[in-house]
Each structure stands twice: as C-alpha cells, then as structure tokens.
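Chain by chain, the residues run as shown.
2 protein chains.
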Amino acid sequence: MNCEILAVGTELLMGEIVNLDAQIIAQGLNEHGFNVYWETVVGDNPQRLREALETAKRRADILITTGGLGPTADDLTKETVAEVFGRPLKMDRQQLVRLRERVGPKMTPNNEKQAMLPEGCTVLVNDWGTAPGCAFEADGCHVIMLPGPPRECTPMFRQRALPYLEKLCGGVIGSRYVKIFGQGESAVEYLTRPLADSLENVTMAPYAKEGECELRVTARAETKEQALAMCDPVVEQVRAILGDAVYGVDVESLEEVVVNGLKAKGMTVACAESCTGGLIAKRITDISGASEVFGYGCVTYWNEAKRNVLGVKPETIEQYTEVSEQCALEMARGVRKLSGADVGVSTTGYAGPTGGTEEHPVGTVFIGLSWEGGETVFCPERRHTRSREQVRRAAANHAFDLIRREVLEK
Amino acid sequence: MNCEILAVGTELLMGEIVNLDAQIIAQGLNEHGFNVYWETVVGDNPQRLREALETAKRRADILITTGGLGPTADDLTKETVAEVFGRPLKMDRQQLVRLRERVGPKMTPNNEKQAMLPEGCTVLVNDWGTAPGCAFEADGCHVIMLPGPPRECTPMFRQRALPYLEKLCGGVIGSRYVKIFGQGESAVEYLTRPLADSLENVTMAPYAKEGECELRVTARAETKEQALAMCDPVVEQVRAILGDAVYGVDVESLEEVVVNGLKAKGMTVACAESCTGGLIAKRITDISGASEVFGYGCVTYWNEAKRNVLGVKPETIEQYTEVSEQCALEMARGVRKLSGADVGVSTTGYAGPTGGTEEHPVGTVFIGLSWEGGETVFCPERRHTRSREQVRRAAANHAFDLIRREVLEK
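Those protein sequence lines, which keep their order, are chains C and W. Under my numbering, read the first sequence as residues 2 to 411, first letter to last. Under my numbering, read the second sequence as residues 2 to 411, first letter to last.
Keep in mind that the hints are not guaranteed to be accurate.
What the hints assert, rightly or not - Below are the EDC-like pairs computed for lysine to aspartate or glutamate, each with C-alpha atoms no more than 16 Å apart in a straight line: (1) C:K338 with W:E305; (2) W:K338 with C:E305; (3) C:K411 with C:D245; (4) C:K210 with W:E12; (5) W:K210 with C:E305; (6) C:K266 with C:E373.
Unchecked claim - Label pairs and their in silico Cβ distance ranges: (7) C:P354 with W:E120: 40 to 46 Å; (8) C:V104 with W:K210: 25 to 31 Å; (9) C:V126 with W:P156: 43 to 49 Å; (10) W:K264 with C:D233: 52 to 58 Å; (11) C:E326 with W:E326: 28 to 34 Å; (12) C:D75 with W:Q320: 51 to 57 Å.
As the list claims (entries may be wrong) - Partial list, derived from the structure: chain W residues whose beta carbon lies under 8 Å from chain C: (13) L14; (14) V43; (15) R49; (16) L163.
For the record, the hints were derived by calculation from the structure and aren't laboratory data. No residue lacks a Cβ here, since even glycine has one placed at the ideal position from N, Cα and C.
Isolated chain C, as found in the complex:
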C-alpha cells in the first residue's frame, strides 16, 4: 500500500517549525512495511488544501494528514477533507463531553468544532491534547487525520493510527532496537550485511544517531509477542558480531543504561567535569529517579576549582597541565573522595573552538575513572571536524561508556 503524508500549517511554510511529524510518521510507516511516496506541506488555505487533497486522493492508498484540527477559523483540515471525500461532519456527543471535561468550564463555543467528525469514522481518542483524530475509508483511500503539535501527533500516530493500519494489512510488526556505541553506521552495516542477507522473515536496518548507531530488527507476525520472538535470536547474532559495542537493546541512551545499571548494583556515581561543564550531570539528572545513584557533581572549570574542590595537586597541573591523564585521574579520585560515591568519573580537555596546544590540540579530552576495583584514563580518538558541541557530547558519551565497560559489565 502506498502512503502519502500531508502536513497542514502556515507555520511550516513560514519555517517557524521543522516538519517533525512527517519524519515520525514516515519512519513508523516504513518500519511497518508501508511505502511513503509523497510528503506535502500546505498552509491554512482552503483552495491549496483542496488541491493537495484531490491529488492525494488520486494517487494514494493511505493518506495521513497532520494539523488543522484545532478550534480556530484557521483550522480547516476536517472541513476540507469532508468536502473532498464526501463525508459530511457530524457532532460526536461522546467527544464533546470529553472535550468539555478537558477544557473546563470556561470553554468557548468555537472549541466545540473540535468534536465535529466525519460521519461513520473511527474516532482516534486524543489523550495528549484536545482535538481528537479520526480515520475512515472513501473511494479506496484510507484517510487518517492527526493533530499537528508533535507532542500530540507522535503518540496519536504510534498508539492510535498504527494499530488502525495494522488491522488493514493483517498481522503486526515487532521491532527490537539494538543500541551501539563506538562503531559507525557504515561499519555496522558492513559487519552485519552477511547476517542481514541470510534472513528470511526478519529485516534489519542501521540508523546513524547523534554520535552513536541504532540497528532496528523487525519481523511481522500474528501477534507482537510472536514477532518479537522472531527478532530475538537475530539480536543475539548481532551481539555476537558486534560484541561489547552493543550497549543495550530497547533502551533509550547510554546514560539510562548507566543509571539503571548502577541502580541494579546498588552503586552510586559522582562526576567532576571540566570541558563537559555540567553536561554529564545534566544527562544523568535528565533521567527521573537519578537521585538513587547520583548525589554530587562538580564543575571545576578553573584549575583553582580543581585544586580547591577536588584536591588536584598543584604539581600535577604544573608538570602535566590540566589537560592530562594525571589530572583526569586526580579529579576522578577527588570527587569520589569528596562524595563517598562508589564511582568517580571526570573529564578534562579542549572543547574548542579556541585553545589547545601542539601536543594536545582542540578536541583532545581525557576521561578519568576511579572505583573500588581500580582506576583508568581513556582518551577518545580525536576527530578534526568536530564542533565544540560535538566534542562535549562525545566526551560525555565516552564517560558513560567507560562506566558501562569497566564497572557495570566486568
């Protein structure tokens, strides 16, 4: 079945926002075996919207629209779809009650428009905002309308639209996401290609993510459980090929793996950051419940702070400078001592764009680790093209990865 995505909203044509909805929907459709052939954006203009709908009706089996379901006069999607597909709108009493509950006693009359839905449609209940979505079939084309804001569109697509579409084609999809750090997308593709080519009912696709890589393993079966059971042996084969570059399956991020891994071991971590300037602490505390494993973080941007707060020896800095293995190690030891944490991790380096020395140019970072079992320093390979932001992100990634490899998996 061929699909078309139509995003409606002048804010997209003004360049005020990026079309994230289209990416999320396209990704989900492809994962579920639907082909996306066209994506279009039109503004809140009835004539052009009609033109876009008529074109899509002619060429698509499935049309997914985003945006234009709200309460204002600008919101025209349902009205225009109703016209083009010959499905007049009708007040949905149940949705009106829901809407009143959600908006509260001050609801203005124009809000009621959101409960007007095409006759005989499947209502896609919106638990993330006020405007319900809907789906129906007309003249051989399935139309699905979703709200525009990505925080509503994303769950509405995944939890409402995809199950509707799965019913159409029989069977459901199950996917495992293998998360990889330390191997690029092309290396992952190269290494796993023979396995991918040997598979019959399971597909595999690598994606480059920020500083890491994700390998999606997907199968179709009658139930999700059956599909996942088909994926699992393939995931094990991938693990065998990629070794400890695989940091998790169906997890969000390196920091999540570190926080949960420490939690499971009843251990705590403290960090001492120079070049990452708080990024490691920030990423740990992005995770709700991080306080179980994390209590202390020090941003020691100045050498004075490294000495006063962490107890780095003045001689160490004099002899080796602050960007050195020695300093990284003393920082990690220092924060562990200060906090009493089981693990101390540190960063010191030149994030750029200015600074650096001949021996240690911009991009050089030392990551220190101190724990009961020992201590180590890691200096990630420097990449010339990296921006300040990329150097800092990579350093934080490597810090988390070091904890995973040395403390959690050994």
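Place chain W on chain C using the hints.
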C-alpha cells in the same frame, strides 16, 4: 513572487532524517518577503520527480530543489530538471577543475557528473561540499538547485541563493531580532500590534521559541545598512512597549547575554544546582570563552551534598525542606563563598514527574541569588503541563534572567 520547495531524497521518505533544509529555506524566503505556498518531498524516483517538477513549473514563480546533485546513479535532480525545463546539461570545465582539486587524485569517473550543469545557468559555487548548485530561468519560472546535506544546503541557500533572489526583486533585506523573556508570543503580539499596524516600510513578526519569544523587525532597502537603519527606531519603540522583558537584540540566548554582561563588568558567577542538575553550568559552558566568568559549579542533588559542599544548615532543611526559599538562599550564599565568585546562583525544586508535596507540587522551583549588592529568591509561576525537561529548562532560563535583571541591568 510565490515559491515552492521540492526536496528530493528517499532518506526523507524513509523518515531517516527530518526535512531541515525546507525549514531553513522557508524561513529565509519569508524573511526576504517571498511567499512559500508548497513544500513537497519525493524520493529518488524519476517518474515521481518528473511529476513533482511539472506541477511546480505550472504553479510557482520560484522553485528551489534540494538534494540529488551527488555523483551516484540515485542522484537524478539535475537530469530530470533539464528534461522538464528543456535545459540540457553541459560539462562545466571550471567546475570540473574545482571538483578534481576537491576530491583529489583518486576521483572516480562517476564524480564528473557533478560538474554537468544546465546550459547558460548561473553556477552557485559550493564551498562546503563537492556538488555545485545552479540557478536559471525558464518559461517564467526561476529554478534553483541546492545540495541536500543541511551543512551544505544552509550556507548555499543563505550565501548563494538569497543574493541571486535579491537581485531579482531589487533591494536587500535587513532584520533585527528582539529577544524577549517572560512574555509569551500572544502577549507580545497583542502589545505590539498597534505599533505593527502603524508601520509602513518595516514589518514585525513574533515567533515562539523554547520558553521564550523572538520578535523579528525587517525592512527592505538598497543596502543592508540602510535597511537596518530603518529597523532601529522600531526596535527602540518595541523596547519602550515591552520594557525589561527585552533581554537583547541580535543575541543568541539568555546565557550569552549573562556571560557577555558579566565579562563586560569584570564579574564572575558560580552556580549551585539541585533540580537543574548541571544544566545551568552546561549552558554557561556551551559558550566558548565562558571560562573568563565561570570557574565553579556544584551539582548538589542530595541534601548531604547541599550540607557538605555548600554548607546549607541541617536545621534549614529540617524546618523548611530542601525545596524552600531558605535552602535556595543558603545554596547561593554557599557557592559564592566556596568559589569567591561575585555572583552565586542556585536552584532547588521538584522537576517531576514524581515527587513534590501538597504545598509545593511538581514544577515548583526556587531560584536563589547572592551578590555583593544583596540577595533574593525567585519562584517562577508553575505551569501544569510542563514535562521534566520543560521544568528544568524554564528554571535555568529564570536563573539567567534573574542575574540579568538584578546584577547586570541594575
């Protein structure tokens, strides 16, 4: 003149990447007074690409394509444009020489394709990658072709395509960006509407950004300097209307204003973070050269850390809990004392999604400030709908804004 953006690339339809090019181009076109009516995405498929080009040719004055200019067989944009617009491709000797220099001695023959350009076109030299862009007019439609990767497309659009377009319509655009914190987009629009309506040769448009608002003031004139000179009195009128909600003009962010403001005054800042967990330090050190004003940051996630590192009194926490004005103030004082900085700023609160008390539910944050001139605590208005990430970002924004108002502008 009405514009259409056509992005070519299967990776977009697969949802592997977001269509950032379209946003950047749409934003630039709108700022320069061009209307964007349609955005389309097609894959690397000659038939659908032809259909998209024929449609655009029929309805657009200006068509901008992105992607499909590379060396592989998948890259079809130039070939298909040549066909649809009747402009056969010809080897451009100068671009071929350039290409050979850029790619080096190992250049494979398929690379030469990138120097094939439509007869009589204006070459848009690519200083950021290998594939040159180009522009020409045919049958009343201006066609501009740009490479796909955003790191090439963005500068190619701004530095090559926009000057070409400016020549078409005479005059250039100059814009000032008024940055606003503490007033939402709709309030800013409401308050500045009378001014906007009274203007003749200057336009104004507010944009909602993450937790803040930006007002773009734009004029067209013969030179950029003249255009900016027309904007400046309007910016002053905006300042008069919005008062100190305006935190800067043509600046990037609140943290940039704080870092540069402290630099100008020869002052330093240190931070003590609980609920923001390192975000304030991270945002300060995002700015290259922050080390002039920032040396110490403490992430005191546990009460033990607040006591041990910052010297918060146990009685304070016992009596008022750690989420209190009193604790915020002691944290700010403590980090100032520890670091010797001129300004100490602190955060303590419930970022959510769990935690909080009846008196101080999730989303409550206290921001403490201590400096030579005095001390204060600020508790931003709590919003029900905020996620953990939003609560943390808003708290950091308010911390920077508090420094600006109390220390820099007083």
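A quick look at each hint next to the structure:
{"no.": "1", "hint": "C:K338 with W:E305", "result": "holds (14 Å)"}
{"no.": "2", "hint": "W:K338 with C:E305", "result": "holds (14 Å)"}
{"no.": "3", "hint": "C:K411 with C:D245", "result": "holds (11 Å)"}
{"no.": "4", "hint": "C:K210 with W:E12", "result": "holds (14 Å)"}
{"no.": "5", "hint": "W:K210 with C:E305", "result": "violated (37 Å)"}
{"no.": "6", "hint": "C:K266 with C:E373", "result": "holds (13 Å)"}
{"no.": "7", "hint": "C:P354 with W:E120: 40 to 46 Å", "result": "holds (42 Å)"}
{"no.": "8", "hint": "C:V104 with W:K210: 25 to 31 Å", "result": "holds (26 Å)"}
{"no.": "9", "hint": "C:V126 with W:P156: 43 to 49 Å", "result": "holds (45 Å)"}
{"no.": "10", "hint": "W:K264 with C:D233: 52 to 58 Å", "result": "holds (56 Å)"}
{"no.": "11", "hint": "C:E326 with W:E326: 28 to 34 Å", "result": "violated (44 Å)"}
{"no.": "12", "hint": "C:D75 with W:Q320: 51 to 57 Å", "result": "holds (53 Å)"}
{"no.": "13", "hint": "L14", "result": "holds (4 Å)"}
{"no.": "14", "hint": "V43", "result": "holds (6 Å)"}
{"no.": "15", "hint": "R49", "result": "holds (6 Å)"}
{"no.": "16", "hint": "L163", "result": "violated (13 Å)"}
Hint compliance for this structure: hints 5, 11 and 16 are broken, all remaining hints hold.
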